[in-house]
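Participant: Listed below are the residues making up each chain.
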Amino acid sequence: MIRLSPLTKKKITRFKSIRRSYWSAIILLFLLFSSCFAELLINNRALIVKYQGEYYFPTYGDMIPGKTFGMDYEYETNYRKLKLTFKEKNSGNWVLMPPVPYNAYENDFIEGEYPPYEPSLASGHFLGTDTAGRDIVARLFYGFRIAIWFSMILLVINYAVGVSIGALMGFWGGWFDLISQRIIEIWSNIPFLYIVMILSSIVVPKFWMLIVLMAIFGWMGMTWYLRTSTYKEKAREYVMASRALGASPLRIIFKHILPNSISVIITFIPFSIAAGITSLTSLDYLGFGLPPPTPSWGELLSQGTENMESQWILISVVTAMVTILALVTFIGEGIREAFDPKRHTVYR
Amino acid sequence: MLNYLIKRFLLIIPTFLGITLVVFTITRMVPGGPIEKMITEMQLAQGDGKASMTSAVAGSTLSDEQLQELKEFYGFDKPILVSYWEWLKKVVQFDLGRSTRYNDPVWDTIKSKMPVSIFYGITTMILTYLVCIPLGVAKAIRHGGIFDNLSSILVFIGYAIPGYVVGILLVWFFAFKYEIFPMGGFTGDEFEELSLAAQIWDITYHAILPLIAYMLGSFALMTFIMKNSLMDNLAADYVRTAMAKGLSFPRAVIGHAFRNSFIPLATHLGNSISVLVAGSFLIEKIFNIDGIGLLGFEALVEKDYPVVMGLLVITAMLTLIGNILSDICVAIVDPRVKFQGVKK
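Those protein sequence lines, which keep their order, are chains L and H. Residue 1022 is where the first sequence starts when you use my numbering, and the numbers rise one by one after that. Residue 1116 is where the second sequence starts when you use my numbering, and the numbers rise one by one after that.
One should not assume that every hint holds.
As the list claims (entries may be wrong) - Some chain L residues judged to face chain H by a derived CB distance under 10 Å, without partners named:
(1) Met1092
(2) Glu1095
(3) Asn1099
(4) Gln1202
(5) Pro1212
(6) Tyr1306
The hints are simulated quantities; they were obtained by calculation from the structure and are not laboratory data. Here a beta-carbon is modelled for each residue, glycine too, at the ideal position from N, C-alpha and C.
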């Protein structure tokens, strides 16, 4: 167990006392946790199949051909059909499907009708389907999983680079500071969208490539804050003391200065996560993000704009976006308050 | 102060050169430039043209000489640094070149889109200040109350959603579903025939939805800067002193705390010169407004390099100067601020 310092404990208590942020954090953590097991909640593979006295768990692992369950095909079992067949035969075999029995990539067509299909409880498409007949609940949830992990990985890379360079700028100062400032100024004026568009005309951007690309143009934000706070900390006695004891610059930065400016970093995290989700969505919306058919909010958003008469697409994706982004922002607000030692006393 | 400003202005030069050189180099190295575009267009034109092509000509549609001429025309025949130097010489004389798409002077194209940007930029700015300052003040005075909490929720939700998503939602609800507002455009179709009053109304009518989308983003920041700085001042010693000598709370707020709380807002004032070329192209795309944002995006997609570079020159200059102006603003409003050498 990690021993928490009394100060950290105080911050946690303070965060908990802000109800809105506390509950947002719980809901978001729950969603994040359940997104790790999305395959158990939203999937076209069954959770459990009982066939002739044996149990099968098809969710993870290789696909099970239809022959295994007495169907007449070699390709992957259609578990929704299997469930109906077992029910008709009524021979003690059964199938347990996940709450939403569709996969994010699967096109489910109704004969004689063109997608998008309206939401209906009977078909199991609780929020309807998109223009390719794919279930919107599945697309939203898997899209959420990709977007949130995307922006968390991006955040780690951005902060690692930005914090190190910012701290060095503040610590060394002088020419290094001046030149880095110019480089950052130049770098942040290069239109990012331009680079992405050029690259996507040459290669199709994959998950990791897009992260690296966005990190190359996204690390600058943190440097300014770290630079200022390192300048402040550097002038204090404890830094002078450890320097007198012979500590190397790197040791001073990472062992002494960084822990003291950690609050600057932490208060920015939620807002950076929200920004990461937003920028991935915008890129997908424009068609320069992750390649189709990756489930993505941006792609659904552009479908919703083009098919405004199928309003369930637009309403679902906007609601999902607003909910997640608002949760993240509320958490950010709470963290900021918890880290702010100021108590305002007003004399009325 | 003067020394500091001169230093800052001199630092603009290397930064500006760096930005333009990097983007200029990228435009040169990327495939799909204007020449390749022209070649494909010619191939297409000949492909379905009636002229019976002999196989010798069909192989390469342009002779080497023609290709050379084209390269010279666009300045692609020289090394990057040489052609950058030539481009730079022209820019210093305020000549941004001609668009490869329309063959119009780039400066005229940008100038023609500016009124839209200025209109939306300035209106957004004024409305934001008009709403945010009173809201921030009200929230600071009633800190912790129901009003403060409810408005915080709304402001934070508005901050969390990107403006263009709000735009999509507004268009769907107010224009598509209930047809209260138009689907988009800067003015209606019969704008020229309307009387002045009707013209003003027409612009306003078209501007309401985009303005909401534009405002939501900057809303939260301004409101909270105002609120926090007023709260800092309310808790300051000089307000306590003012109250101790018998001033009422409202008079202490208006007479003392209020004026000091505007200082942080001044840090954003300098960058407002960027409204000249303001405009988010996503919002412009959704509301079908023909502004700078859309121009820049289309220039990127069509690889219209002179326009891309021209816009870059203008936006980079405005941001760099805007940053210095912001510093000056702060120094004017807050006499405690003194700059020496490079800011630490």
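Participant: Hint by hint, say whether it matches the structure.
Facilitator: Each hint, compared with the structure:
{"no.": "1", "hint": "Met1092", "result": "violated, 44 Å"}
{"no.": "2", "hint": "Glu1095", "result": "violated, 44 Å"}
{"no.": "3", "hint": "Asn1099", "result": "violated, 36 Å"}
{"no.": "4", "hint": "Gln1202", "result": "holds, 9 Å"}
{"no.": "5", "hint": "Pro1212", "result": "holds, 7 Å"}
{"no.": "6", "hint": "Tyr1306", "result": "holds, 8 Å"}
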